[in-house]
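Enquirer: Here is what each chain is made of, one letter per residue.
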Amino acid sequence: MLDIVLLGLNHKTAPVELRECLAFSKNESAAAMETLQKYPAISEVVVISTCNRVEVLMATVNMPEAVDAVKTYIAEVKNLPVSRFEGSFYIHDGDSAVQHIFRVASSLDSMIVGEPQILGQIKKAYIAATDKKTAGVILNRLMHKTFFVAKRVRSETGIGDHAVSISYAAIELGRKIFGSLEGKKVLLVGAGEMAELAVEHLIRNRAGSISVANRTFKRGVELAKHFNGKTIQLKEIPEHLKLVDIIISSTGSPDFIIKRDQVKGVMRKRRNRPIFFIDIAVPRDIDPEINRIANSYVYDIDDLKGIIDENIEERNQESLKGERIIEEAVITFRQWYESLDVVPTIVALRNKFDAIAETEIRKTMQSLKHLSDDDCQAIYKMTNGLINKMLHDPTLFLKSNGCHGDKSVYLDITRKLFKIDEGQGSEVRGRIKR
Amino acid sequence: MSAPKVRYSKVNMDIVIIITILLYMLSTSVYFAYLLFQKNYLHQTGFYLLAAGFLCHSAAIGYVFIKSGVVPVNNLHETFAIAGWAIAGVFIIFKYKYNLKILGIYTAPLAAVVMLIASRLPNDPEQVKSVFNNIWLFPHAIMLLIGEASFAIACGVGIMYLVQEHAIKTKNHGFFFKRLPSLELLDTVGYASIVLGFTMLTIGLISGLVYAKIVWGRFWGWDPKEVWSGITWLLYAALLHERLAVGWRGRRTAIMAIIGFVVLLFTFFGVNILLHGHHAELISF
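First to last, the sequence lines map onto chains A and B. Numbering that gives the first Met the number 0 puts the first sequence at residues 0 to 433. Numbering that gives the first Met the number 0 puts the second sequence at residues 0 to 284.
So here's chain B without its partners, still in its complex pose (with noise of 0.2 Å):
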């Protein structure tokens, strides 16, 4: 089974790409003035560009995919470009089914940024591996990966709900206590991301582990990656546990939406670059 030579027009894709990144930072720049000026028409039309920039950035994934056949996340490049599809894509059904409008504040210019590093990383089709051929890989990398968005966007909940519940509770009602929504819809929705987070890291996980065994025939092998993904799993699976058991919620599951994220960016990178455990491919620079 040998890995298929990718060969696409690059260059027609880098435009794409780059059209992808200068919307989402076009988003980011409107939302900032609907921070200031709270007029309506800006989170309007920051929402489009965000859209049109997903939509964009659909486009090239999906090229690539066709072209090439296999799921792009072959090197960081590709991962980092499918992780800000994520997070822009989480956020719009987030956006429709909650109509958060301030959280466009926080996920357009976190895809802009991540899209931006996956630009400067370099891509290179040729690390094309057998193992990355699989199509267990498919739910594995493209379910963590939204996982993982929607964790970035439940952290982004939590830090607003923090600062809302802070400004209410010290009676100091500055900047952000009006631009802010209530906390109950804050709660409401930082909850439902870290459910739809949580479904997508357990089927991601779970097709994770087949992959393993299809591939090195075993399930688990105490690697620092597994052992880092199953803790960060542990760690949301608690959370959900006690708002499902005792009824935390507030302040408590914002903080701990906040720790999980930092524990999962530790999982994303940490691992990789302080423990060398596998997936190491991904994460040289």
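This is chain A alone, in the form it adopts within the complex (with noise of 0.2 Å):
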């Protein structure tokens, strides 16, 4: 019986430092997983790398051993001892490895919780080890299952609701207040990582023109053609006010750069049109007592930052409900991997037999009301017999060790050819081949 084991590093267990070191690219997963699959303790093998995280996922018929072989082969690879990350490591195996896996697809292991990205890692994983055909009848659905419960969690929880980057926030801030951005004009003022990332998502939602204001013109100029906008003074900015609807300020100035009496003045030109200013800078640009006007809005940093902790907060509180559907899932799954046992498949299999025969023998007994009861004891003797004749040879072949490590494989295929994945079992398969 092949094991499931899981092990591997993550953002909790490893500094940057470390992670960096271990990571592997696509290639190098792509010929880590070739190369594991060739050790003798190793069935299947599949390898996640992230940027915070790398996992190695098999099926091994020795545990001990094939977490030696993974920890030889990267120590060899990445050129480093084994003393220098064995600390970092955890190894999972059965239940546990199969939970990990549910909850790292369904982002509930991540650094922010919810994030999209790392199922799609993991599915680019799994390509890559069928591409190598590295994984296994075991992988192949414990995969499969996984991308299963990662949709589940996602589409029934609300961990991917909510903003929980600044720029998302005041993206999702500028929906409430104006319903569609398609169309509002957008002001830039200043650069910086965060305000630029800002109009990008702002761009992605159609928002309208963009103009750049910055105090060198330059700079300004190069920032307005990347976003395809124009670029203003910054002595302009107060005339500017009455064509814009969304302002994101980071600039690197001391004072206040727009006051409010220049928003008041505005807003009647406005015909007060609401206006909004994301203020993005330390110290702050925007003065706070604009948020006073009718219909105008001033989010500082820390305003926005207290709504990604919320939402934040509010995720986590998901993912409890994210929990409780893995749960449900390693259950389901270890019934179906219990059913690569041998014993049970030898035993469903004799029942299947046995219950065709029984219902077939009551047919013909209606008919054949002259028998004696010694005759139909003779009838049952025969039926029993052939069973037994039947199944002797696929017995003997599901025990004997002739198949080595890969009996899982003749497992399945036995209890797909005579359909004894009764209830569940196939319920769950029907779901996950949709």
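Only true hints are included.
Straight line, CA to CA, 25 Å or less: simulated SDA-like cross-link-like pairs of lysine to any residue:
| # | chain 1 | residue 1 | chain 2 | residue 2 |
| --- | --- | --- | --- | --- |
| 1 | A | K150 | B | F36 |
| 2 | B | K38 | A | A162 |
| 3 | B | K168 | A | F255 |
| 4 | A | K320 | B | R178 |
| 5 | A | K263 | A | I170 |
| 6 | B | K170 | A | D308 |
| 7 | B | K38 | A | F147 |
Covered by chain A, according to a simulated footprint, are these stretches of chain B (three or more residues, beta-carbon under 8 Å):
| # | segment |
| --- | --- |
| 8 | 167-173 |
| 9 | 178-186 |
| 10 | 247-254 |
None of these hints come from the bench; they were simulated from the model. Being a predicted model, the structure only gives us computed values, none of them experimental. Glycine included, every Cβ here is placed at the ideal spot set by N, Cα and C.
Mind docking these for me? Both chains are given alone in their own frames, and the hints should help you get the complex.
Expert: Here it is in structure tokens:
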């Protein structure tokens, strides 16, 4: 019987310096999967490597040997002593390995709970594994189940809801003010990663024209070019306020760039259309008093951080629901996994044959009322003998070690061939295929 | 011109009205569930229940109309029944036009409460007087009630606007922030319902003037009811004027919509109770 084993490290157990040393590139992980599968202890293997984790998922006949093999391999390839990373490694097997991979794919184990990239990264890792044919019956099943569970967690809980980045939180707020951001004119004052990211989000939401004001005009021109917008001078800002709807500011200025009276004066010309200031600068660029003017809204960096903290808290609450879904899924997976054991399969096969014989004999006996009890007994005996003879060779084959570590393949085929995965098992399979 | 004796199978219609009230109440509870759990199927169910209630309600009103040949606004019971019908109807229109789902949480209970009050009021068809049998009564009563329903919705949307604006301004995003739509949508719907309400109010008042001329021989008699109707009209006219002229919007419009509705309620009830204007017979409990 193969064991499911997962070992690796993540952002919780290893610092970034170690993670970047161990990270596998796309080609490296493909090579790793190929090499690792050649070890006798390892039957199936998938390597997952992202910036926050390196994990090796295996089906193995000999867990200690397989774990050692992986560690030695990593030490060799990455040119590091095993002792350097061994302390950061966690090893899960059986249910706990299954649960771990479910949690990772559902983004419950991520640095920011609910971030959506991880599922795609695992899918890519699995595709690489299928290319190299390093995933077999067990890991194929496990990975399909993993994708299914991850999707379920995402759709049935709110772990992906609500922004958890500054720029995205600002966009969400904008939607609560303007409804749609389509065609809204944007003014970017100053430059900075977060501010530019917010502008990119806005463009993706089909915002209207972008204008850029910057202390050094040349840098402003560059930025404007990047966003396909136009450049204005800092002193043109007050005049410009009557045209734009969203102002994102992140300059290094020690004083306010936009003052209360400037906005108040312009509101009538704007016909009171709402205006939204996003102040990412420290010290602040936008006079907070502007927030008191009707139809104008100011959010500074702390306000946005406050929203994010609330949203993260909400995601954590939702992740509890996700854990429940995963627990259920671990149980159904275990049922399938245990069915791969030899004895239950043989018993189930025998039961199936017995049940068929029983039904057929009863049907026949109804039209053969003239037979004596002894005759009936003889028929039963004969049927029993037939079943024994027919099942003899398959049973021997399954019990023998002739089929080596990959017994699970034959067990799986047997169960499919004779359709003895009744109830939950077959249902789950049906759903995964769809 | 004597009024026809209205005889209709009261029992049957009572059952239809009871079903209507039940549907409105069911819709209310489903909408409350939607407020709590935010599931799409809930507001859809709530809406269908309300629409079903509206159909029953229309059937009941239509039946009375055909049977008696006059608009059923002869007493307070019938006036309330039409008011409830108008609220549900105007909501259905706005729901289709703007897809403002959360509005149901306001209109469904409002319709249910108005109908419950109606059902508790005496319904005596004998009250029909010759004054009520006139072609001008139809636009006067129906238009005014539809207008009042629109203003009721404008008031509800205004309250939602204030709640949402407060959440955004104070940066304190609580229970309602994620449940309420954008300020822009609330403002648009509020404005649209005031425009509809004002149009209906104007038509209703004009036909009321014509009606007064026919019945009492004069357009305007400085009756308290007439004066307060005029004040209400001026209030909403001012609101619309400010919006068109200087672009009043947002918070101020929302507050005005709420004040306007309070004045409207006073014109509807208060004037009759406190100042004894005409229409008093409609407000006698």
